[in-house]
Amino acid sequence: AQSVTQPDIHITVSEGASLELRCNYSYGATPYLFWYVQSPGQGLQLLLKYFSGDTLVQGIKGFEAEFKRSQSSFNLRKPSVHWSDAAEYFCAVGEPGGSYIPTFGRGTSLIVHP
Amino acid sequence: DAGVIQSPRHEVTEMGQEVTLRCKPISGHDYLFWYRQTMMRGLELLIYFNNNVPIDDSGMPEDRFSAKMPNASFSTLKIQPSEPRDSAVYFCASSLMDGTENEKLFFGSGTQLSVL
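Residue numbers (the working numbering), protein chains in the order written: chain A, 1 to 114; chain B, 1001 to 1116.
It should be emphasised that the hints constitute simulated quantities derived from the structure, not laboratory data. Backbone N, C-alpha and C fix where the C-beta goes; we use that ideal spot for every residue, glycine too. One should not assume that every hint holds.
Stated by the list, open to error - Facing chain B, from chain A, some residues (calculated, C-beta under 8 Å): (1) 42; (2) 43; (3) 44; (4) 46; (5) 49; (6) 90; (7) 104; (8) 106; (9) 107; (10) 111.
To be verified - Label pairs and their calculated CB-CB ranges: (11) A/79 x B/1062: 21 to 29 Å; (12) B/1017 x A/16: 47 to 55 Å; (13) A/40 x B/1081: 45 to 53 Å; (14) A/82 x B/1003: 21 to 29 Å; (15) B/1116 x A/20: 35 to 43 Å; (16) B/1010 x A/45: 15 to 23 Å; (17) A/55 x B/1078: 41 to 49 Å; (18) A/66 x B/1042: 17 to 25 Å; (19) A/72 x B/1058: 32 to 40 Å; (20) A/60 x B/1076: 26 to 34 Å; (21) B/1078 x A/58: 37 to 45 Å; (22) B/1010 x A/53: 24 to 32 Å; (23) A/60 x B/1010: 42 to 50 Å.
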C-alpha cells in the first residue's frame, strides 16, 4: 500500500521569500502524485498533479513541484510567497492503474509573515 | 456547476444524538468520497462510492457510522449514537474517473461537527 510523509507540520516564511514544502512517498513503482491546498474553512483544492512525463509540474497560483524518483519525493515550490498563500498544504499519492484513490499526508501548515 | 455542496456547515449536538451529514456531488461525477479531518489523525478516507455503490468502507471507524447514496445526486453520512470523539470536520468529495489525466477530487466546504 502506498503512503506519504510530510515531515514539516508548520512552515513559516516571510512574504516575498521562496518556499519549498517537502513530500516523500512510499510506493513500489511510479505513483500518481498530487498537491492540494486547503484555505481556512474550506475544502481542499488541487494545486497540481503528476501522472507521467515531465518531472517538473506547473500548477495554479504560481506553484510548481518536481518528481524525483531517486529520492521518492515530490516537493512543492514557489519562488515568491504572497500573504494569501497561508493555508494547509496536502501531498497525496495514488496508485496508477488501480482505483487511484489518493492517500493523503498529514499536511503542512504554511504561515506567512508580512 | 455549484461544486460539491455539503450541509449543514456546522452541527452542534449532544452525545447520544443521531447526526446526519449531507452531500450533493457535482453532476456527472461517478465517484463520491467521505473524509474526516482531525488534528490528531489528519485526513482519513471513511468510505467511497462508485455509481452509487459503496466500494470500500474499511475506513468507517465503527458500526455507529453508516453512509448511503440512494441516487447519483445525494449521499448521507450518519452517526448514531454520536460521541464526543466524533467531533471533526467531515468532507465530501466527488470525481469523474474517466481514465484520463483530468481526474481529480473536488471537495465540498465540509461540515464542522461538535459533539458535546
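Results for each hint:
For residue 42 of chain A, the shortest C-beta to C-beta distance to chain B is roughly 6 Å, which falls under 8 Å, so the interface hint holds. For residue 43 of chain A, the suggested interface contact is upheld, since its CB lies about 3 Å from the closest CB of chain B, less than 8 Å. Using the Cβ-Cβ criterion of 8 Å, the hint placing residue 44 of chain A at the interface with chain B is satisfied: the shortest such distance is roughly 5 Å. Contact between residue 46 of chain A and chain B, as hinted, is supported at the beta carbon level, the nearest pair being about 5 Å apart and thus within 8 Å.
Taken as an interface hint, residue 49 of chain A checks out: its beta carbon lies about 7 Å from the nearest beta carbon of chain B, inside 8 Å. Because the closest C-beta pair between residue 90 of chain A and chain B is about 7 Å apart, less than 8 Å, the hint holds. For residue 104 of chain A, the interface hint holds, the least distance from its beta-carbon to any beta-carbon of chain B being 4 Å, beneath 8 Å. Annotation: interface hint on residue 106 of chain A holds; nearest CB of chain B at approximately 4 Å, less than 8 Å.
A least Cβ separation of about 6 Å between residue 107 of chain A and chain B falls short of the 8 Å threshold, and the interface hint therefore holds. Interface restraint check for residue 111 of chain A: the shortest CB-CB distance to chain B comes to about 16 Å, outside 8 Å, so the restraint is violated. Checked against the hint of 21 to 29 Å, the C-beta distance between residue 79 of chain A and residue 1062 of chain B comes to roughly 46 Å, which is inconsistent with it. The beta-carbon spacing between residue 1017 of chain B and residue 16 of chain A, approximately 49 Å, falls within the hinted interval of 47 to 55 Å.
In this structure the hint that residue 40 of chain A and residue 1081 of chain B lie 45 to 53 Å apart at CB is violated, the actual value being about 30 Å. Taken as a hint, the range 21 to 29 Å holds for the pair residue 82 of chain A and residue 1003 of chain B, whose Cβ atoms sit roughly 24 Å apart. Between residue 1116 of chain B and residue 20 of chain A the beta carbons are some 41 Å apart, a value that agrees with the proposed interval 35 to 43 Å. At roughly 21 Å, the beta carbons of residue 1010 of chain B and residue 45 of chain A sit within the given window of 15 to 23 Å.
Against the hinted window of 41 to 49 Å, the Cβ-Cβ separation of residue 55 of chain A and residue 1078 of chain B comes to about 44 Å, which satisfies the hint. In this structure the hint that residue 66 of chain A and residue 1042 of chain B lie 17 to 25 Å apart at CB holds, the actual value being about 24 Å. Checked against the hint of 32 to 40 Å, the pair residue 72 of chain A and residue 1058 of chain B fails, with Cβ atoms roughly 25 Å apart. Here the CB-CB span from residue 60 of chain A to residue 1076 of chain B is close to 32 Å, well matched to the stated 26 to 34 Å.
Taking 37 to 45 Å as the suggested C-beta distance range, the pair residue 1078 of chain B and residue 58 of chain A conforms, at roughly 41 Å. Between residue 1010 of chain B and residue 53 of chain A the CB atoms are about 43 Å apart, so this pair departs from the stated range of 24 to 32 Å. Restraint check, residue 60 of chain A to residue 1010 of chain B: a C-beta distance of roughly 28 Å breaks the suggested window 42 to 50 Å.
Consistency with the previously given hints fails for numbers 10, 11, 13, 19, 22 and 23, ordered from lowest to highest.
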